[in-house]
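A.B. asks: Residue numbers (this note's numbering), protein chains in the order written: chain X, 1 to 338; chain B, 339 to 676.
Derived from the structure by calculation, the hints contain no laboratory data. Errors might be hidden in some of the hints.
Claimed, not checked - Listed next, with one range per pair, are the computed distances between beta-carbon atoms:
#	chain 1	residue 1	chain 2	residue 2	range
1	B	A412	X	A185	40 to 46 Å
2	X	A271	B	D539	28 to 34 Å
3	X	R39	B	D643	27 to 33 Å
4	X	A177	B	D643	41 to 47 Å
5	B	A546	X	V180	56 to 62 Å
Keep in mind the model is a prediction, meaning the values are calculated, not measured. C-beta: ideal position from N, C-alpha, C; glycine also.
Number of protein chains: 2
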Amino acid sequence: MRLRVGIVGATGAVGEELLAVMEQRGFPVGELVPTASERSVGRAVRFAGREWPVLPLEGARLDECDLVFLSAGASISRALAPKLLAGRPRLYDNTSAFRLDPKVALVVPEVNGHRLTPAIRHAAVANCTAILLVLALAPLERAFGLDRVVVSTYQAVSGGGRRALERLKDELRRELAGEVLPAGASPPFAFNCIPSIGEIDPGDDVAARTTGEEKKVGDEVRRILERPDLSIVATCVRVPVLRAHSESVLVELRDREARLDDVIAALRDAAGIELRDDLARGVLPMPRLAAGGDLVQVGRIRPADRPGCFTFFLAGDQLRKGAALTAVQLAELQFGTG
Amino acid sequence: MRLRVGIVGATGAVGEELLAVMEQRGFPVGELVPTASERSVGRAVRFAGREWPVLPLEGARLDECDLVFLSAGASISRALAPKLLAGRPRLYDNTSAFRLDPKVALVVPEVNGHRLTPAIRHAAVANCTAILLVLALAPLERAFGLDRVVVSTYQAVSGGGRRALERLKDELRRELAGEVLPAGASPPFAFNCIPSIGEIDPGDDVAARTTGEEKKVGDEVRRILERPDLSIVATCVRVPVLRAHSESVLVELRDREARLDDVIAALRDAAGIELRDDLARGVLPMPRLAAGGDLVQVGRIRPADRPGCFTFFLAGDQLRKGAALTAVQLAELQFGTG
């Protein structure tokens, strides 16, 4: 079986990672149909030892593909998905467009892979921060039940796309050379922590005090865990890291008798997780170590202040496990190639 | 009144900041006695338009000063403080040596300045992360009572001293030039988040799972607020920021009826705090903006998941308000020069 695989947004940060992940995992691509915005047309992407020309969306015949990865922004997914579903392909959608749509499956393979039934032709890949978090929460939910999650994130600049990443590097080069950065519309990434990621609702009400990223983390984790009642308090912060998000997490477990050893064991045995939990020996989750890897590193596990309360720290590659790898795993589940 | 002012650790990051703060505030220094380790002897520090030679500890006659700032590490404070107290000076101690000693006052002027009575000759300046946090917690404790604090920090590399700061810059220069960093004993600061700050107890018990910095934050905030029962869960993380620490904070208030407007008002009216709390307009606490300033920026204030629960973000210059400025303010309180 060789598949015809379309990619929308093939030249973006996630698109590039999709190609790398498919190649590394030997995903059976027979024909690649990379598409991107007009700006990138004329370029080519490299995959499986050859160059594939980047096509414009119009005329790429994505509707004849076996599967299409959507990774070019929510508005493009919203416009394109209904048309493609009228044709042949299954869709793996890395954008936020349909993640809360009850007709679309929101699946993290290690957590709720059973929800990706053969009939489902449109699967959404969750927000990167939500995926990394839910991988650590799911084994705790299964073993002890979750009452509440408090999370503060440390999110890499590549989460803002390739141009954000170039801006960070440019800012750092200038400042290290002694230049003063010109005042810009956005605050500098360099040497900064920015507690604002994603869209902001205008207005003065409480909803306008929560960022789009913070809402996604709460909504998507609740949906994936099928726990609409789960209490999640998220604060999402951009930090000057190139790649891999980190998260500082407090959980309150329903099982107030849960012991530290059992919490550690539940996380150690969970799929998709690498335990790095030896503070004294410096074995810690860190974004530099997590970057490029497939696993979410978890460590700093310790009891907090009340029975059933524990804290931990995690780090994971938000472009791989947080996006491209999860999308390819979903395709593998449905095409039997995993 | 012109005072004879000694500094132990005059060439370190905090020592340098002490000189800058005293100069900016017109602290009435008649004679400066800067001391440092053997390595720095022979150098001079600049203060009030002239050069003052850096002296070795032995022979500097610190015991004849009116006041001495101690900022050269806990072991030096432990050895030196008893000797100096047998002489003339009042001590303002930026190290952790005596912070939990009931005979030593642990004072943040805006919070518990009344504890710095004239009889007290040895005052400790709290840990930088604790000072920034307690400035925001104190008005909430006064207005609503605190039940619990959950904090995750984003700590600047200058908190690890001048050499740490130089290492970060060197790592960034190398990586931006395409070099691969050599493997070192410590993880790189560059493009990393390191969830380990301060001393680590050896062993496998629960205490060994908490870092020295995390213990300080809990112990010192409890002591300053005179709330030994207060529940504080701290996770302390080093991020690649040059200067100013940030903190993501969840508070659970005793007053479950507390309204968002009242919480905002309490923080707005508090001494030492600058409200930057307009998410939609990008008015946020950020370490780049807080660096060099005297105030702790507070923003992202919003209700969390339960009655009486709120979250906020803060940023403050840990070398100024978190160390040098607070030390000079304590001296001003006692010498009537504020």
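A.B. asks: Determine whether the Cβ-Cβ distance between A412/B and A185/X falls within the hinted range of 40 to 46 Å.
C.D. replies: Distance hint for A412/B, A185/X holds at roughly 45 Å.
A.B. asks: May I ask you to test the hint 28 to 34 Å on the CB atoms belonging to A271/X and D539/B?
C.D. replies: 32 Å, holds
A.B. asks: Is it true that A546/B and V180/X lie within 56 to 62 Å of each other by Cβ?
C.D. replies: 45 Å, violated
A.B. asks: Between A177/X and D643/B, is the Cβ distance one that fits in 41 to 47 Å?
C.D. replies: 46 Å, holds
A.B. asks: Does 27 to 33 Å hold as the CB distance between R39/X and D643/B, or does it fail?
C.D. replies: The hint (27 to 33 Å, Cβ to Cβ) is violated, given that R39/X and D643/B are roughly 42 Å apart.
Hint violations for this structure: numbers 3 and 5, all remaining hints satisfied.
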